[in-house]
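Following the hints, put chain A in place on chain H, whose structure we already have.
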Amino acid sequence: MRIAEHWINGAVLIGIAALPLWALFIDEPFTITLVTRAVILALAAVGLNIVLGFGGLVSFGHAVFFGLGGYAMGILAYHAQTYTVLDLGFFTTEGTKSMPIIWLVAMGISAIAAFFIGLLCLRTSGVYFIMITLAFGQMFYYFAISWAQYGGEDGLSIYVRNGFPGLNTLVPIQFFGICFALLCLVLILKARLQRAPFGLALNALRQSEARVATMGLNPMRIKLLAFVLSGAITGLAGALFADLNRFVSPAMFSWQFSGELIVLIIIGGVGRLMGPVIGACVFVALEHFLGGLTDFWHVYLGLILLGIVLFGRGGLLGLLTGKEGAHV
Amino acid sequence: MSAILIIEQVLNGLQFGVMLFLMAAGLTLIFGVMGLINLAHGSLYMVGAFAAAAVAGATGSFLLGLVAALAAAALAGTLIEVVVIRRLYAAPHLDQVLATFALILVFSEGTRWIFGSFPLFLEIPDALSGPVTLPGGIEYPLYRLTLIGIGLAIAVGLWALIERTRIGIQIRAGENDREMIAALGVDISRLYTLIFALGAALAGLAGALVGAIQSVQVGMGEPVLILAFVVIVIGGIGSIRGAFIGALLVGLTDTLGGVFLPEVFKLFMEPGAAQKSGAAIASMGIYILMGCVLVWRPTGLFGARP
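For the record, the sequence lines run as chains H and A. When you line the first sequence up against the numbering used here, it's residues 1183 to 1510, in that order. When you line the second sequence up against the numbering used here, it's residues 8 to 313, in that order.
Some clues are possibly wrong.
Straight line, CA to CA, 20 Å or less: simulated SDA-like cross-link-like pairs of lysine to any residue [claimed, not checked]:
(1) Lys283(A) / Gly1333(H)
(2) Lys283(A) / Asp1336(H)
(3) Lys283(A) / Gly1337(H)
(4) Lys283(A) / Glu1335(H)
In short, the hints are calculated from the structure, not lab data. Predicted model, so just to flag it, every value in this text is computed and none were measured.
In isolation and in its complexed conformation, chain H is listed as follows (with noise of 0.2 Å):
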């Protein structure tokens, strides 16, 4: 059976906006709470798939940008909760508990976090890609549980879900309606870029970096850009994450996410918009499912993932559309 790409796409989309209603209706709020973390893990696998699968960077350490937009509304939610003051030498503030406020931090400290990080990592390709992005994650990761003022390895407990002006955030339905519409506006962020100049140039990097470069554009600079733009928008889901669980730690830094993050998009389809979305969707249900069946539903996880990779190329999507896709 082969379906066109596009009527899946919006099929999903409905499908995850319609859950949660229908969830509301029969009230089962827990339901929504579910639905609100597979939308927020999509918007950081839609970050990560921006380098991973239109530039074929291979980052395994994404974590370092969720875990930053985590501790970013962390920092800032504690200061305004403890009413203490964040001195940074150059700035003063008393934290804030304002979302938009929040996201934009995030995003800023993500991005130039993803500048400096790329500057060194983009140096290198292939394995040495890989292997340091890990390393940069584990670094990250060490220094938060070494970070003994923002709670070291017991993390940050927010009490109060951060504000948004105009809705009551407490109340599941609403902030996964802002968690959705902000997934959505990456998505069409990110199909416009598609088909953009840069979007085009990142595609055609990832085939012939050599080509590329003799068409007389910077590979450096386009994938820099790329990694800086999916390091901002993985950023801002690990802010929303953050905020959906009240709680940062020095886990949103580990390792195993990254790992996670790559797994989502593979499941759903490399290099396809919505590739990400479906992943995660997926990985969530199976989580919830599996998990309650079985403590050790990771091992069925380990071999529907085998599964995928030696016999599935291309995901679900890839299964569906009857295309491939993308090869990285």
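Structure of chain A alone, referenced to chain H:
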């Protein structure tokens, strides 16, 4: 800050370094010859440690435990090479990362399934427990000294194997041109299985040896795996010599940084803050080292120039 403390810490760093070398040697061989990035190497380390703990616990013999670790890790390595890894040699790196990530999930949860979540303990044998007095009056644990000895012996053995034997010639030839060596009548797929099993056995041995000074538990392999990656990135992927130098550098940086950086920071900061920021920076020390090496040489100290 006495000379004794410094020498002790240098020895600790060496011990850590040679154990990292056992891990890194297998990883770098597998990458150099087969072009495969193997995340599941940490799982083989864990398999070795669990096999040693289980057998040593049942028989009371540490030596039998080590033999079991070598055998179990080599066997597990052979098994995954034949069933999974073999299909990945020609695949893109992303597929290799994912498939071996999946193997980690299977191994970790499978081990938890069999042995439970509680750590096992592996006793240091009586003959090797307790301290020895080194020249200069330094007391140092005999077991750790033995580890340094074993690690150095294996490094020499590995060098001899690769430089001085027929198998070594085939391995080096496989790195350069796999089609040519296959055309010369060498069974390349058996050679690959052999190399993979050798790397796995080294990882299993490291797991068993280190398991006696740390606890044996699920997930013990991954932190070591990532350190081993740092080692081979610093040394240059595919180079055994690079892995050795890189392992010692990482072992020494990590151990000495953790002890001495807080002291250095105390020179210009108040003690409490110096302790905290010193420890924080030290935990990042090896990654900073790696960053510096890469800025200087993007393919590592002994890596092939692109």
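Task: Lys283(A) paired with Gly1337(H) [C-alpha distance capped at 20 Å] - done: holds, 17 Å
TODO: Would you mind confirming whether the straight-line C-alpha gap from Lys283(A) to Glu1335(H) stays at or under 20 Å?
DONE: holds, 14 Å
Task: Agreement of Lys283(A) and Gly1333(H) with the hint, judged by alpha carbon distance not exceeding 20 Å - done: It holds: about 13 Å lies between the C-alpha atoms, which stays within 20 Å.
- [ ] Compare the distance between the alpha carbons of Lys283(A) and Asp1336(H) with 20 Å, and conclude whether the hinted pair is satisfied.
- [x] At roughly 16 Å apart (the allowed maximum being 20 Å), Asp1336(H) and Lys283(A) satisfy the hint.
In the structure shown, no violation is registered for any of the earlier numbered hints.
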